[in-house]
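2 protein chains.
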Amino acid sequence: MSSASQSSWEPVRKVRTYEQVMAQIEQRMLDGLLAPGDRLPSERELSQLLGVSRPSLRESLRVLEALGIVDVRPGRGPDGGTVFVGRPGGGFTILLKMQLALGHFSDTDVLRTRLMLEEWAVADAARNATVEDHKALRGILDQMDAMELTARDFNRLDTEFHVRVAESTGNSLASYLMSSLRTAIQRRMIDAYERLADWQETAKTVRAEHREIVRAIEERDASRAVDLVRRHINDFYEVEPFTGGTSRPTR
Amino acid sequence: MSSASQSSWEPVRKVRTYEQVMAQIEQRMLDGLLAPGDRLPSERELSQLLGVSRPSLRESLRVLEALGIVDVRPGRGPDGGTVFVGRPGGGFTILLKMQLALGHFSDTDVLRTRLMLEEWAVADAARNATVEDHKALRGILDQMDAMELTARDFNRLDTEFHVRVAESTGNSLASYLMSSLRTAIQRRMIDAYERLADWQETAKTVRAEHREIVRAIEERDASRAVDLVRRHINDFYEVEPFTGGTSRPTR
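Respectively, the protein sequence lines represent chains A and B.
The numbering of the first sequence is my numbering, which starts it at 509 and goes up by one.
The numbering of the second sequence is my numbering, which starts it at 509 and goes up by one.
Since the hints were derived computationally from the structure, they do not count as laboratory data.
We put the beta carbon where it would ideally sit given N, CA and C, even for glycine.
Don't take each hint at face value.
[Claimed, not checked] Which chain B residues face chain A? A few, computed with CB under 7 Å, are given here:
1. Tyr526
2. Leu538
3. Pro563
4. Ile577
5. Met606
6. Phe613
7. Ala682
[Said to hold, decoys possible] Below are the SDA-like pairs computed for lysine to any residue, each with C-alpha atoms no more than 25 Å apart in a straight line:
8. A:Lys643 <-> A:Ala711
9. A:Lys522 <-> B:Thr590
10. B:Lys522 <-> A:Gln694
11. B:Lys643 <-> B:Glu727
12. B:Lys522 <-> A:Arg664
13. A:Lys522 <-> B:Pro563
14. B:Lys522 <-> A:Arg595
15. A:Lys522 <-> A:Glu534
16. B:Lys522 <-> A:Pro563
17. B:Lys522 <-> A:Asp587
18. B:Lys522 <-> A:Arg581
All chains, please: the whole structure from these sequences, using the hints.
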């Protein structure tokens with residue numbers, strides 16, 4: 509017996525109806541028969557075409573919706589229906605939030621992964637950012653200078669800044685990873701900020717460090733940008749040593 | 509009017525039943541009331557507790573299952589039911605596959621992101637890998653030396669090798685990102701290998717490069733390991749220039 513035939517055996521696993529539906533939809537995407545902007549047939553029609561019950565079909569559609577692969581729009585008119593989306597949505601953020609809540613990844617892993625992604629992002633942004641990118645980054649920093657911001661709004665702009673740096677690399681997959689991770693931990697970061705005795709003091713440091721990072725990106729100095737962002741993220745943990753708890757901000 | 513009250517307004521968005529169910533489950537995880545190994549009440553009981561129909565509840569459960577957050581086991585006995593899992597599952601791979609099929613990310617982005625993750629992985633593995641990690645890596649390379657392997661099995665071991673490198677870093681989140689991406693593109697990589705006139709020739713180069721990478725990791729030489737893995741991944745694209753098609757292997 510040749511090893512090729514030996515190696516072809518695989519353990520049998522029960523495949524659920526919704527998985528079969530999703531596999532067919534995925535195959536149609538790969539075959540180029542489904543593209544962003546395309547609509548699925550109505551639930552009634554599609555359940556007949558696939559030979560599955562409507563509740564089973566609806567389970568598949570909910571999975572696709574939760575993953576951010578389709579957008580389910582109300583109504584039966586030309587604007588209604590299940591439409592394939594053209595840009596990555598919130599699916600990975602939803603997944604990461606739950607994985608973090610279940611403790612699949614430690615706080616240390618989150619911090620180390622953020623360092624990896626952020627260091628890559630500033631280095632690549634220093635190499636690839638355009639003048640428009642520089643302007644956009646400075647625009648966010650100007651908004652962050654407003655003294656009357658709440659901790660929540662300050663944090664939202666903080667996230668926007670870091671995601672915009674990643675977008676300046678021109679690599680939409682890596683910036684998707686970063687923005688998903690950042691958004692998944694945002695609630696915890698805001699909580700941590702709000703617990704700080706004087707978050708405005710911390711905000712001052714953050715503002716100054718962001719300006720330096722943008723300057724390094726504008727001067728196309730990748731290695732300085734990396735050093736700055738590493739210090740920027742590690743700073744908080746050096747002042748308040750990392751304890752592995754769930755309530756640490758991971759700015 | 510203070511800016512705090514201005515900033516609290518948010519656009520109203522229709523929240524679906526399954527999203528509300530998922531939000532409650534997530535909150536219970538965050539409150540420490542649901543942990544890996546825990547079971548959800550039966551569908552009948554849970555739909556009553558939440559005041560939702562059983563089809564609606566089942567939609568939420570399917571989403572959690574597809575994300576790899578729960579494992580739905582058949583039967584009503586002590587082994588049956590909906591159980592929260594303790595390790596990250598295939599959810600991100602499923603998502604990435606669909607996003608790639610829809611063209612949310614370009615092949616160039618996939619290649620650049622793989623380079624980022626793989627370079628980080630070998631550098632961190634060179635710093636942190638244990639003697640057990642070294643042995644496991646050599647064990648995979650020994651299996652890859654078997655001459656009678658099919659392209660498919662060779663590729664599977666190739667993925668196993670790269671994922672094992674990432675696991676040697678001790679950072680489970682970053683290695684989850686890498687293994688998910690690698691698994692999402694595996695089908696395409698196998699197809700491309702099988703189309704090569706002589707994939708055994710390519711396999712020889714891959715084998716030799718893997719040995720060199722492991723040697724650099726064992727010698728704790730992070731910068732050499734990074735250079736080697738960068739060349740290892742870029743090699744194919746230099747021989748056959750990157751065309752942006754969907755059929756290129758991205759070893």
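Hints, verified against the model:
Checking Tyr526 (chain B) against chain A by beta carbon gives a least distance of about 6 Å; that is within 7 Å, so the hint holds. About 5 Å separates the beta-carbon of Leu538 (chain B) from the nearest beta-carbon of chain A, less than 7 Å, and the hint is met. About 5 Å separates the beta-carbon of Pro563 (chain B) from the nearest beta-carbon of chain A, less than 7 Å, and the hint is met. This hint holds: Ile577 (chain B) has a C-beta 5 Å from the nearest C-beta of chain A, less than the 7 Å allowed.
With a least beta-carbon distance of about 5 Å to chain A, the hint placing Met606 (chain B) at the interface is held under the 7 Å criterion. About 4 Å separates the beta-carbon of Phe613 (chain B) from the nearest beta-carbon of chain A, less than 7 Å, and the hint is met. With a cut of 7 Å, the hint placing Ala682 (chain B) at the interface with chain A holds, because the nearest CB-to-CB distance is about 5 Å. The hinted pair formed by Lys643 (chain A) and Ala711 (chain A) meets the criterion: a straight-line CA distance of about 21 Å does not exceed 25 Å.
Restraint check for Lys522 (chain A) and Thr590 (chain B): satisfied, since their Cα atoms lie roughly 16 Å apart, inside the 25 Å limit. This hinted pair checks out: Lys522 (chain B) and Gln694 (chain A) have alpha carbons roughly 22 Å apart, not beyond 25 Å. At most 25 Å may separate the alpha-carbon atoms for a hinted pair to count; Lys643 (chain B) and Glu727 (chain B) meet this at roughly 13 Å. For the hint linking Lys522 (chain B) to Arg664 (chain A), the alpha-carbon distance of about 22 Å falls within 25 Å, and the restraint holds.
For the proposed pair Lys522 (chain A) and Pro563 (chain B), the alpha carbon gap of about 21 Å is at most 25 Å, so the pair holds. Between the alpha carbons of Lys522 (chain B) and Arg595 (chain A) the distance comes to roughly 21 Å, so the proposed pair stays at or under 25 Å and holds. Distance hint between Lys522 (chain A) and Glu534 (chain A) is fulfilled; the C-alpha atoms sit about 19 Å from each other, no more than 25 Å. The straight-line distance between the Cα atoms of Lys522 (chain B) and Pro563 (chain A) is roughly 21 Å, inside the 25 Å bound, and the hint therefore holds.
Straight-line distance between C-alpha atoms of Lys522 (chain B) and Asp587 (chain A) comes to about 16 Å, which keeps the hinted pair within the 25 Å bound. Of the supplied pair hints, the one linking Lys522 (chain B) and Arg581 (chain A) holds, its CA atoms being roughly 11 Å apart against a limit of 25 Å.
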